[in-house]
Amino acid sequence: MSASSAEGRRIRAAAEAAGWVQRLDSDDLSAQERGEFVDWLRESPVHVAEMLRMGRLATALEAFGDWAKIPRSGNLLPDVVIPLPTHRWTRSPAASSRAAHRKWYAGVAAALAPVAVCALLLLHQLSATAVHTQAGERREITLADGSVVRLSPGTDLTIRLEPQVRSVKIMRGEAVFHVAKDRDRPFVVDAAGTRVQAVGTVFSVASNAETVVVTVTEGRVKVTPANAATGNPGREREILLDANERVSLSAQGIARPVRRIEASPTLEWGENQVVFENARVADVVARFNHRNRVQIRIEDDVLAARTVSGVFAVDDPRSFVEFLQAIAGAAGTDNGPDEIVISATRAGASPAASPR
Amino acid sequence: MWFRELQLPLRRFIAGRRGIVPADLDDVAQEVFLRLLRYQREELVTDPRGYLFKIAANVASEWSMRARQRFPHDSTWLDELTDDRDATDEMDRTQRNAELHRALGELPPRAREVLRLHFGEGLNHEMISVRLGVTRRIVKRDIVQAYARLRLALTATAETTLQPNIIAAAASGNKP
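Just so you know, the sequences run in chain order D and G.
All the letters of the first sequence, read from the start, carry residue numbers -16 to 339 under my numbering.
All the letters of the second sequence, read from the start, carry residue numbers 167 to 342 under my numbering.
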């Protein structure tokens, strides 16, 4: 047998085994897929061997302790642990290599909070930390108190941890806050003058020039509209927002009615469900394109000018393409892996529609 | 994760510990393959991964027993099979980490980041897609690519040059 053909067979088998690893890892396989897996394994001892090698690789990856030292590229920087001293502290020589093999960074703030927080606060309470994300970039920040802030793309905010209060100011964009419980130190988010206060809860705040949207997924927050906060403090019109409730406020502090929202697992991982009410298709597309690598291009001006309403998962451009296809009979075609072109609206489709 | 069901003897075995030379893995695979053929297809289909790991664990144990009879003086060998902590394998692991480190460095950045989020932070594919702002399809493609590339990148070193070093290191560490 020729060495090169044996080698080629190995490489092919390795790629196929990698495919099975991914499928085994991501979903429960259907009966048919399990059958295919069995057939594949029984095709050749090389397949069995490659599967075992994948097991060895996965075991090694799981035990791998040096993720923090692996280089990362510019656009992919989701993790910033604000208190750098915590970071170094865990990597001091005293930390045994066994400890290093634990996934310490996964829960570094949580694990060390009781010990390290006091010292860290002294170091960090006085200076605000500014954080930005660019288009397409998401970022997660673990604060010294164990709270986690997830920034959507295109967000600017500052974080300041003080002895009496934990405060965040959103200049623009959107963030989800998983607030660590601390009854004595409220967590306050300020967006365009609107104040959102929580003790220990999960909520998101989205802000642009005109509107602030607050959504609570867990616990309860107190929302103070802009005019109330800056005007007469004795007569604040506070809004108490419970889990699965959302309120939008204008920059002038006028609150729209509180709405119930569907609890959604994705909400917890970033505000992916975005509500559009009578929004132009072109604007919705801009929102999708802002968030995703896959870009949608509308070639039909009539369609681009139409308005739609609905809740869309903005991390899933294909879902919106399917929606447009359904309501307007538009044709979506892939132009390479990163672009979907939408063309040719069918005449006479209904002028407004809602996906739900 | 998918390989969690790997039983300890098998984990140790395929992790390349204790002087098991690479040829042995192919031999074990050959034996596993033959045993898989003896089962009814319908039976295997109920839980192919479980059967694969169970059969491989049995074969690996038998292999280990044989190896032990060949080297009866190496008394720590069997004890370690039942000891989940790998205190004696620090060098082995350090070296494996170094190899992995290098191989990871050669992956495309996003594939590397996907692996980091998966293994380092324990995120599942959906969480990774949300975190990176890419579709789940891209995450899946990156994972397949990462595994396949790492597997090939590590072959040359892990199974030819690295392996003897591990054996030597483990052997010297064994005799104080």
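Calculated directly from the structure, the hints in this document are not laboratory data.
Cβ atoms here follow ideal geometry from the backbone N, Cα and C, with glycine treated the same way.
Just to be clear, a hint being listed does not mean it is correct.
Output of the computed footprint for chain D on chain G, the stretches with three or more beta carbons under 8 Å from beta carbons of chain D [unchecked claim]:
{"no.": "1", "segment": "193 to 199"}
{"no.": "2", "segment": "212 to 222"}
{"no.": "3", "segment": "264 to 274"}
If you look at each residue in the segment 264 to 274 of chain G, do at least three have a Cβ nearer than 8 Å to any Cβ of chain D?
holds (count 4)
Tell me whether the statement that chain D covers the segment 193 to 199 of chain G is true, taking a Cβ distance below 8 Å and needing three residues at minimum.
holds (count 5)
Residues of the segment 212 to 222 of chain G with Cβ under 8 Å from chain D, three needed, outcome:
holds (count 7)
No hint from the list above goes unmet by this structure.
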